[in-house]
Amino acid sequence: MLDDFFSRALIGGFGVAIVAGPLGCFIIWRRLAYFGDTLSHSALLGVAIALLLELNITLSVFIVSVVVSMMLVLLQKRASLSSDALLGLLAHSVLAIGLVVLAFMTWVRVDLMGFLFGDILSITAFDLALIWGGGAVVLAFLAKIWKPLFAATVSYDLATAEGSRPDQVNLLFMVLMAAVIAVSMKIVGVLLITALLIIPAAAARRFARSPEQMAFVAVIIGILSVFIGLNGSLGFDTPAGPSIVVAALACFVLSVIPINLSRKRNGRNQEIPKHNDNRVS
Amino acid sequence: MLVSLENAGIFRSEKWIVRGVSMTVDAGEIVTLIGPNGSGKSTTAKLALGVLSADEGVAKRKHRLHAKYVPQKLTLNNNLPLPVTRFLRLTDTADKAQIDAALRVTDTEHLADAQMSNLSGGEFQRVMLARAILSSPEFLVLDEPVQGIDYNGEIMLYKLIENIRNSLNCGILLISHDLHMVMSKTDRVICLNGHVCCSGTPAKVASSEEFKLLFGERAASGLALYEHHHDHEHLPDGSIKVSERDQTQNNDPSKSLVSNDVYKANLDVR
Chain F
29 MLDDFFSRAL
39 IGGFGVAIVA
49 GPLGCFIIWR
59 RLAYFGDTLS
69 HSALLGVAIA
79 LLLELNITLS
89 VFIVSVVVSM
99 MLVLLQKRAS
109 LSSDALLGLL
119 AHSVLAIGLV
129 VLAFMTWVRV
139 DLMGFLFGDI
149 LSITAFDLAL
159 IWGGGAVVLA
169 FLAKIWKPLF
179 AATVSYDLAT
189 AEGSRPDQVN
199 LLFMVLMAAV
209 IAVSMKIVGV
219 LLITALLIIP
229 AAAARRFARS
239 PEQMAFVAVI
249 IGILSVFIGL
259 NGSLGFDTPA
269 GPSIVVAALA
279 CFVLSVIPIN
289 LSRKRNGRNQ
299 EIPKHNDNRV
309 S
Chain V
14 MLVSLENAGI
24 FRSEKWIVRG
34 VSMTVDAGEI
44 VTLIGPNGSG
54 KSTTAKLALG
64 VLSADEGVAK
74 RKHRLHAKYV
84 PQKLTLNNNL
94 PLPVTRFLRL
104 TDTADKAQID
114 AALRVTDTEH
124 LADAQMSNLS
134 GGEFQRVMLA
144 RAILSSPEFL
154 VLDEPVQGID
164 YNGEIMLYKL
174 IENIRNSLNC
184 GILLISHDLH
194 MVMSKTDRVI
204 CLNGHVCCSG
214 TPAKVASSEE
224 FKLLFGERAA
234 SGLALYEHHH
244 DHEHLPDGSI
254 KVSERDQTQN
264 NDPSKSLVSN
274 DVYKANLDVR
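Just so you know, the protein sequences line up as chains F and V, in that order. Adding 28 to a residue's 1-based position in the first sequence gives its number in the numbering used here. Adding 13 to a residue's 1-based position in the second sequence gives its number in the numbering used here.
In short, the hints are calculated from the structure, not lab data. Hints are not guaranteed to be accurate.
In silico contact screen, one side only, chain F against chain V (beta carbon under 8 Å); selected entries [claimed, not checked]:
id, residue
1, 94
2, 179
3, 189
4, 190
5, 194
6, 196
7, 238
8, 260
Only pairs whose alpha carbons sit at most 27 Å apart, straight line, appear in this in silico DSSO-like list of lysine-lysine [to be verified]:
id, chain 1, residue 1, chain 2, residue 2
9, F, 105, V, 73
10, F, 175, V, 109
11, V, 28, F, 175
12, V, 75, V, 86
13, V, 28, F, 105
Short derived list, chain F residues pointing at chain V, Cβ under 7 Å [said to hold, decoys possible]:
id, residue
14, 129
15, 133
16, 134
17, 137
18, 185
Every residue gets a Cβ at the ideal spot worked out from N, C-alpha and C, and that includes glycine.
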């Protein structure tokens, strides 16, 4: 089965979707939707540094992503700017620095589009092992810090006061994110990984009544999107990565359409309770 | 000793928000912080909890202190599906019996399956309290706990605070605007205005000049009025019973600790 490029793409895509679901929920809960983009921009700087110093690209991307994440955490604590402003600031700065560094190396030609969109159809058996093995490690860590990380997401002050050590778990969360982006960028591309982080989680919100449910539903929607997107790309001869993103978007649109999900809403037709008229005339 | 601050201060945006705060909270003690808006009450509470670290002075806490915090304000992200029972288990592992008990005493049993985002202000505040008392904390910090709670709820809450203190021997740091409450249940009052203006027993604070300056003569007289109820009792003929401890007849324990009488007194005042 692994001999077939299409099956490899499916299995690799499922792997990314399973890891991205729960991580993406935290991204949304923490209002860090642009975190993925910031990391992907810093990934470019990672690529430039790797070429300059002749390092392994994935390792270099990972290190730069971790450094940028740490800077975000530091700035969040010190600066009086909100997270979205800081993310925008970091994203554009590292992108610019990356391009400047690349410009110094006139002898290097990099296919930036390759890093942006990746190619899920060219996944190798080794990539699959990396996605599933790495994914299992990331999910194991996430499961271990789930409770304190969630507490820190609800309220930093509350978590600190009650002994949850939010700084530590926040840091670990950032490292996990950086690892996921570094590993999956080369394989499926930055666009696909950031989309799979955000869109399935956003679509899951409507169907979930608890945080754990939302993470689970996000995984299911991610897997569905990969399946539909890849088959669609095969049928209509469209590019694979963007087709998956479009399928995820379709899931999101379906999730916003107001269909009566709960019986409670039928209570709308209840009569207003009448009081006996006891007024003194 | 659960928590102690020694000459602690917080410096932010080029000024001292609080400075030179010294206080302790022991097990089974209710300490109340009062002071005008912006006087650093919440900041002092965060210092005591370790949410903020002191820029000056020392803040000490008992090792592995089991603390619970009801912040003045908690804004939840709308993207977060969060049922009440899950919120209660935010930093705790509690079983269903404990959760039911906490919801029962805060009169929120009917909200167990509700989403936090659908609660009214008062319901939210009650659920916050349920969460705080869930697993018998050693140290409880309540920052304006009665905001948005109706009058019956307020009475319930004050009874609850006293019960918790008595049954769990829990140390409580309370921030309150309700000066009557301050008088009735508190062991120690700390009056803040960027620094400790005055502190001590409620009676001592109420009669101090600093307190009158800070809150005005009227507030002070309100407290004095309350103190009247608290301190001594009038016998039917109008003479004064010297001390509650001397009481031999009609020895009702619920009356020696301030209980329902307080609320009646409170009602009268209002």
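Hints and how they fare:
| no. | hint | result |
| --- | --- | --- |
| 1 | 94 | violated (25 Å) |
| 2 | 179 | holds (5 Å) |
| 3 | 189 | holds (4 Å) |
| 4 | 190 | holds (4 Å) |
| 5 | 194 | violated (10 Å) |
| 6 | 196 | violated (14 Å) |
| 7 | 238 | holds (5 Å) |
| 8 | 260 | violated (28 Å) |
| 9 | F:105 to V:73 | holds (23 Å) |
| 10 | F:175 to V:109 | holds (18 Å) |
| 11 | V:28 to F:175 | violated (36 Å) |
| 12 | V:75 to V:86 | holds (26 Å) |
| 13 | V:28 to F:105 | holds (18 Å) |
| 14 | 129 | violated (37 Å) |
| 15 | 133 | violated (42 Å) |
| 16 | 134 | violated (46 Å) |
| 17 | 137 | violated (42 Å) |
| 18 | 185 | holds (5 Å) |
Figure legend: structure checked against the earlier numbered hints; hints not met, in rising order: 1, 5, 6, 8, 11, 14, 15, 16, 17.
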